[in-house]
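Engineer: Here are the chains, one letter per residue:
Number of protein chains: 2
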Amino acid sequence: MGLGVARALLAKGFAVHAHDIVPERQAAAVALGAVGCGSAMEAGRAASVVITVVVDAAQTRAVLFGERGLCGTLARGSTLMMCSTIAPRDSEALADELAGAGISMLDAPISGGPARAHAGTLTVMASGPAAAFTACESVLDAMSAKCFRVSGRAGDGSRMKVVNNMLAAANLAAGCEAMAMASKLGLDLRQVREVVNASSGGSWIFTDRMARALEGDASVHAAARVLAKDVGLFVDTARDLGLPAPMSECAREIFLDTVARGFGEEDDSAVLRRYLEIYGKK
Amino acid sequence: MGLGVARALLAKGFAVHAHDIVPERQAAAVALGAVGCGSAMEAGRAASVVITVVVDAAQTRAVLFGERGLCGTLARGSTLMMCSTIAPRDSEALADELAGAGISMLDAPISGGPARAHAGTLTVMASGPAAAFTACESVLDAMSAKCFRVSGRAGDGSRMKVVNNMLAAANLAAGCEAMAMASKLGLDLRQVREVVNASSGGSWIFTDRMARALEGDASVHAAARVLAKDVGLFVDTARDLGLPAPMSECAREIFLDTVARGFGEEDDSAVLRRYLEIYGKK
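Going line by line, the protein sequences match chains A and B. Numbering follows our numbering, with no gaps: position 161 of the first sequence is 161. Just add 1000 to the spot in the second sequence (first one is 1) and you have our numbering.
Do not rely on the hints blindly, as some may be mistaken.
[Claimed, not checked] Restricting the straight-line Cα-Cα distance to at most 25 Å, the calculated cross-link-like pairs of lysine to any residue (SDA-like) are:
1) LYS1184(B) <-> GLU215(A)
2) LYS184(A) <-> ASP1188(B)
3) LYS1229(B) <-> GLU1277(B)
4) LYS1184(B) <-> LYS1229(B)
5) LYS146(A) <-> LYS184(A)
6) LYS146(A) <-> GLY1102(B)
7) LYS1146(B) <-> LYS12(A)
8) LYS1229(B) <-> GLY36(A)
9) LYS1229(B) <-> ARG1273(B)
10) LYS146(A) <-> GLY1186(B)
11) LYS184(A) <-> LEU1241(B)
12) LYS1146(B) <-> GLU215(A)
Hints are computed from structural coordinates only; laboratory data are not their basis.
Construct the entire structure; sequences and hints are all you get.
Structural biologist: Written out as structure tokens, the structure reads:
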């Protein structure tokens, strides 16, 4: 996703300084016109707006506060756009810590996947102080088709994202259960996808992931372990509030089982492979 | 749904003979130009193609084989279009019994809800002998935007429908869990709907049902007990095959709980009310 965002910004004429812990991805950004940086700290030196696109809160903290992290160089008055899916309380804590260093934070998770990141047509759900929105305005314009301004408080962007991603996970788990059953019942799976798309069972993630799964596309757009983590954030939020969340819990179990079977680094459409292992073909 | 189908056929110039056990609905069809019939048997006398749109297999059997049922008059060589959501094995059994009486059956469940029935833009997923498709061709054209020809054997239309409706039920149950949590977290629910629509968590039923739930629209488009029955058909199919179906089972439990709380005759978006009873508002 980070590479796609970098590309979208470069295409709109922004000067981008990029750091990725995977050298090949950083090289790809440099090939598109970015200035390569040996560390997050180096990238922070150049920028008034910094975007972090990593997997979770621990990685976000490492990029910010770790060795050679952004906070080593990021100037007072600069703005961090935090684009990862993390627990709302972690987002609030980050915003507080950064505010102490004079850095304002936009809690700005993104949705849409690598292709839409690449095209600059992501959906952003953002919350934070008005000044942070102002500082990020042109960047948000360049990277997204739609930016929802959720509220003035950090945490709410993440709340919105956790709610959305739970639905992505649950809809995908149900979709794979449906497809495995359809396979077992001898239905044509391409037709099932078409029928569901045109009927009351349709969902964005079913259409998107089943296309790849049915074409045997093994490229990883979003690793299964990531959505396992995301739906877990919803369940954790429910647990914090002492509330039941049976659909999310069930989806989490299915994702954890998918990861435990060795599919964690594969595309999350591998949940279908997990189901087919259990169901078998007709 | 039956009234909508009648309207779509009348709008295309078909002569429609209508029977409904609810007198008000039959009167509505008559007001649109249908010939009212005192029983299914009476309707069967006039028609070469008969459409049944009832809730389940028991009702379908009653309409066909019950007192003053269709089979009392339906001529050999006529065709039944069976549009209800029923167990695939029940559909197979019906087709066999009807074949014995010289009546061919199209296993033709419909999706899209009353508004699309009314507009003649339903999705149909149909299976059956080629002659049944030919007999129903102009009727299918008039009532649907898309008719999927699933296979030549009765049962497969129902298999496709059960797979689709399980997804509708699971996506709706997950959607209501997400919305109740969003409410508890203090998010604006209209914005949640908009964000999810534009993001990876979107689904057809979430968009459709949440619009009604958020507007406080109490009209019943599809009763909660119906989707409870439909997702149960998927679970039963899994049980017949000795297979686990955790997402469907979880959705079924939530629908049964919704019905047990007294919401069975209300619109299925009442699953959200069930969740809000448990979660409370913020």
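Engineer: Give a verdict on every hint.
Structural biologist: Status of each hint after checking the structure:
1. LYS1184(B) <-> GLU215(A): violated (40 Å)
2. LYS184(A) <-> ASP1188(B): violated (42 Å)
3. LYS1229(B) <-> GLU1277(B): With a Cα-Cα distance of about 22 Å, the restraint between LYS1229(B) and GLU1277(B) holds, given a limit of 25 Å.
4. LYS1184(B) <-> LYS1229(B): violated (29 Å)
5. LYS146(A) <-> LYS184(A): violated (40 Å)
6. LYS146(A) <-> GLY1102(B): Distance of about 58 Å is beyond 25 Å: violated.
7. LYS1146(B) <-> LYS12(A): Distance ~41 Å between LYS1146(B) and LYS12(A) Cα, so the pair is violated.
8. LYS1229(B) <-> GLY36(A): Roughly 58 Å between the alpha carbons, so the hint for LYS1229(B) and GLY36(A) is violated.
9. LYS1229(B) <-> ARG1273(B): Measuring from Cα to Cα gives roughly 19 Å; hence the hint holds.
10. LYS146(A) <-> GLY1186(B): Holds, at about 22 Å.
11. LYS184(A) <-> LEU1241(B): Roughly 9 Å between the alpha carbons, so the hint for LYS184(A) and LEU1241(B) holds.
12. LYS1146(B) <-> GLU215(A): holds (24 Å)
Taken one by one, the earlier hints fail for this structure at numbers 1, 2, 4, 5, 6, 7, 8, listed in ascending order.
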